[in-house]
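Chemist: Okay, here's what each chain looks like letter by letter:
Number of protein chains: 4
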Amino acid sequence: MKKIKVGILGATGMVGVEYVDFLINHPWFKISTLSGKKSVGRKYGEAVKALSNVPREVGDLEVIDPDPRKFDADLVFSSLPSEAAREVEREFIDHGFPVISEASAYRMEKDVPLIIPEVNPEHLELIRNQKKNSGGFIVTTPNCTAVGLVLSLKPVLEYYGIKKVVVATYQAITGAGFPGVPSYSILGNVIPYIKKEEEKVSEETKKILGRFNGSSIEYASFPVEASCARVPTIDGHLEAVYVETEREVHLDEAVEIFRRFRGEPQKLSLPTAPREPIIVTEIEDRPQPRLDVDAGSVPGMSIVVGRVRRGESNNVLKYFVLSHNRIRGAAGTAILTAELLTAKGYIG
Amino acid sequence: MKKIKVGILGATGMVGVEYVDFLINHPWFKISTLSGKKSVGRKYGEAVKALSNVPREVGDLEVIDPDPRKFDADLVFSSLPSEAAREVEREFIDHGFPVISEASAYRMEKDVPLIIPEVNPEHLELIRNQKKNSGGFIVTTPNCTAVGLVLSLKPVLEYYGIKKVVVATYQAITGAGFPGVPSYSILGNVIPYIKKEEEKVSEETKKILGRFNGSSIEYASFPVEASCARVPTIDGHLEAVYVETEREVHLDEAVEIFRRFRGEPQKLSLPTAPREPIIVTEIEDRPQPRLDVDAGSVPGMSIVVGRVRRGESNNVLKYFVLSHNRIRGAAGTAILTAELLTAKGYIG
Amino acid sequence: MKKIKVGILGATGMVGVEYVDFLINHPWFKISTLSGKKSVGRKYGEAVKALSNVPREVGDLEVIDPDPRKFDADLVFSSLPSEAAREVEREFIDHGFPVISEASAYRMEKDVPLIIPEVNPEHLELIRNQKKNSGGFIVTTPNCTAVGLVLSLKPVLEYYGIKKVVVATYQAITGAGFPGVPSYSILGNVIPYIKKEEEKVSEETKKILGRFNGSSIEYASFPVEASCARVPTIDGHLEAVYVETEREVHLDEAVEIFRRFRGEPQKLSLPTAPREPIIVTEIEDRPQPRLDVDAGSVPGMSIVVGRVRRGESNNVLKYFVLSHNRIRGAAGTAILTAELLTAKGYIG
Amino acid sequence: MKKIKVGILGATGMVGVEYVDFLINHPWFKISTLSGKKSVGRKYGEAVKALSNVPREVGDLEVIDPDPRKFDADLVFSSLPSEAAREVEREFIDHGFPVISEASAYRMEKDVPLIIPEVNPEHLELIRNQKKNSGGFIVTTPNCTAVGLVLSLKPVLEYYGIKKVVVATYQAITGAGFPGVPSYSILGNVIPYIKKEEEKVSEETKKILGRFNGSSIEYASFPVEASCARVPTIDGHLEAVYVETEREVHLDEAVEIFRRFRGEPQKLSLPTAPREPIIVTEIEDRPQPRLDVDAGSVPGMSIVVGRVRRGESNNVLKYFVLSHNRIRGAAGTAILTAELLTAKGYIG
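Residue numbers (the numbering used here), protein chains in the order written: chain A, 1 to 348; chain B, 1 to 348; chain C, 1 to 348; chain D, 1 to 348.
Hints were generated in silico from the structure; no laboratory data involved.
Treat the hints with caution; some may be incorrect.
Because identical chains share one entry, a pair is satisfied inside a single copy or across any pair of copies.
What the hints assert, rightly or not - Straight-line alpha carbon distances no greater than 25 Å define the calculated DSS-like cross-link-like pairs of lysine-lysine that follow: (1) Lys195 to Lys43; (2) Lys195 to Lys38; (3) Lys267 to Lys3; (4) Lys267 to Lys344; (5) Lys196 to Lys49.
The whole structure should be built from the sequences, with the hints applied where relevant.
Modeler: Following this line, the structure appears as structure tokens:
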């Protein structure tokens, strides 16, 4: 099989290098074009040497500017900052590229699927609404904090129904990119604010867990109340989750529904799909970002749930969930989405 | 006025040194006896040199073992670990000492007041139920995580009524004492578990916010759902609080009720009472442990509330609260309680 | 006595706020003008709220641009980055201002004194060589890493003579200003490189410890070999110092010469002079940045020397020295220099 | 080939789990017995769950006490604390076991080889002096800080000759084992003291770089002056090295001699030998512990040298060197030594 050529927008950032890590030995995809605003004209390996050791075959590629006419690609991943994304991604769509974006610019647009492949693959049908003459379209992936939350909520929603979610987060510094958070701000400290994050977690959760009625998404109607904070960890967003359910929760059963959860990527055996999307730890003080962020068969792609317990009411489930913000929360979910699109015939 | 002689049980620990800091220049109290299990016979200054630089007049005191017959004191503070506290504190009570303890051993006993001086001074009347022939009695202060939460909830309860509380914590390492948390466990990490902490936060909150009916405490009846985690900060427990209220919340008003809150210590101008028990910050990314833990007129005694906001419903109030775990959460509240007891004639 | 009006160039940075802290209650000086490139037109308090809580009388001052015609000041402190310093400081000198600068731009110029008030006050006579018709002149203070090293070497040089110095540093993140070092770069890490730092430490040390021969400075001739690294600490540069001496070292004596060292600021009882410029700790694992950075009678102005020991040869002295990089290493030494200039009649 | 059965003394500690990681898929060795003082009777996987996720085949082994009569092994690795090592290792030798120990107890004994396989394999002949009737013998590996230093000094010694070494260290917390350094002591801090470390670095360096004259080791005669400090990093000891050489240093040549250095393990293609024992980085701010500790073909087994530069004299070479303290500095070097012993016929 001939490999699909992929280009990356925003390839020189903290998440950009994660794409490259995943794609270097990918069985279906092959990196053809890398763009990045500040390093145009430099070799890619040189441009990201502070972040990653990139193998020569990719390190020698020249970084180009994000111009669709210069892209030799069947598919484009976008890891652009949101402001840049709005304009640049639009150009790529208009030039006929399938764009898979983790930027927030288009996530909440009516006809744009916001996808976690294990959770709402049926939302991909929205692509048809985009009706581009160009042949281009866009699929988005969620905010890095929403991914872990929503993936863990999916089986809870299916088995128990959800009436309310309250979540507090412990987010790693890489979530803010590079240079990101100044060391003076976070060393020995917690910053209880991340711009627009709480709104994104709430809104995106309701869209992703919404129902596709054949033509549009009917958002989930339960409240999602988030408090987001940055802590001095490198990778891995941890979240303390409180869920009020419609039906009574049984603990052993809850653990089982997490463990047994599988999605379409697992059924299709997509290359980047972890065997278990949700790993449950029973060690009493886990999951911990530094120790568990790479758990599972595809490091960074499984989320880890722990401390599963009931609240004071029988209809309250509480747990902590950890997800790798740069992989499952960004590059990994985008690539898994690309694999799903490929498997379903949207690409290639 | 002759100063009241105070002894300290567990004086050589991480919180013990905070007592000493506060008491060295105290207008009413004078340190007379210091005990500590592992350093018996050593000079106090030598025993705590890794934790604090203690002035000579206290540094030269010899550390003795916790034997009531050797204590020359009108009042005893206990900073003992819980297991030791149960037996040792009992002995001191039986020997006629008033004991103010931050240990958890007796907090939930029916006739033992669990006090935050600004919140429930009327609970001190429970002392009468202790009816000791010895003249000794015990008053306890809450878990370091409960203090900040409950102090911030008190005005919310008074103005809006409370139906439910969900809280997630970001707790500093000094909350675990010394040597406490190994560096390998917490550096660049979060530990989402602190033994028995969630239970304490829940139960103690309901007792402190309970109603004294003339003979006993009727616990508050709303659920308090806690998720407790340790983060790599030195001092200051931060908490993300979600409260469902009985009446509709108005934001400006909510900020005002926090700001205007005063308790009996402020009315009595107790020496260790901060002018404002609750400081509200309007800087969007505060309170932060490293920057705000010492805010206010008596460093470490005010709590700092920030990011006050409504939830998706009009009856939901959300905020972050920061309290100094070794001062307001331990030594400071115990000393303020001693001042209140003195002002009310229970001691001296 | 009427207070001397002082202006600050670069007032909104990490060190700028330290100047303000020191000057707010200064007996001789009064802040009149604050400038800072990015915050022109904003209130000072607002501009630095992420770094410091500034009292209202200074917080309400408007930040202006660094234009000498707008400065109402008898004396100007400069905390500018080096590139900006070269041009801006020149303008202020030309407009007749005495400038005390911690920037590196003019430090190594032939006629510019590079001063640590306790070490080389006689170098101030170089000011006469500056022969400005304008009346303006410049005095510089050393790199934050050189200050602690040189202050500790001074008594060693006087008593034992110095043949060689080898030093390795453990420098705090605030030495790089704000935003400075990205958290991703330094969290759980060490960066063994600080641009031009090793050269500065070497050259400045030789100039400051040089001999003023009546018209110019004859540099010290021993080698100073530095290895500079950044570590994840907030304040306090720690240095591992190895000195080969001309005469045999006796340990008890060496400790005494550190302890007894006093300079002109102590003799003149300048307001910001610490009683002991060099504090010697005998605790075996000190000095430590977090615990000792504020030691002494004027917090941040004393350096702390510890682990004083001999090497394998009798002519080798080894020790660790800690100095507060933002105070003794920057704002504090500049202010002490201003006090010395005032006491000697150069200013006011 | 039948695998050699190995037992581990001190298997449940921070370094113990590194042995297991390396040995699980080892082509020559097979774990047969695990002992550890505090966990006797528990399953190994359970005993170390806070430190490592161990595969089932080893995790199910029962931890036994360190009794030679219970050990089913052809070879014993010892990762015991020094006090315990003196007695326990002696017992194993007396029972006829070959013991490879990273404990300090016997390192400096006259007839005991202290080995870095790339540096002084000829010292293994000292084993003959041990003349045990039992057939048992002991070989030791160096202190974790000495390993990186000595490995980097070896080619310098060969090409330039060495007159003096001054080294300052930035040592990771795992060097102190688990629980090791309390988080309160090291978070945002540096501890400029590690018990007996400076003496070990000095003495061991001279022994390892000493000459085997056919019957004993003649120690190297140059001084080695160390200053050792702990910093808040997880893995990787970084060292700032200053070397005075006998012959003039040329920079490009110095880089080459590091790069070209190979030892007997490389010549013999031992399983755990990295292709390049010394990797030289030319990125200006490297090596960094968090980014480079696992560099090379066998993660943790190569040391990384950077910032290679001359001093003020032509006979001074300066550089930083990074080595993985738990692998090259402990388990890895012990295993590589075992492989060398096996290849040379001492074992099996």
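Chemist: Please list, smallest to largest, the hint numbers that this structure does not respect.
Modeler: Hints that this structure does not satisfy do not exist here, as all of them hold.
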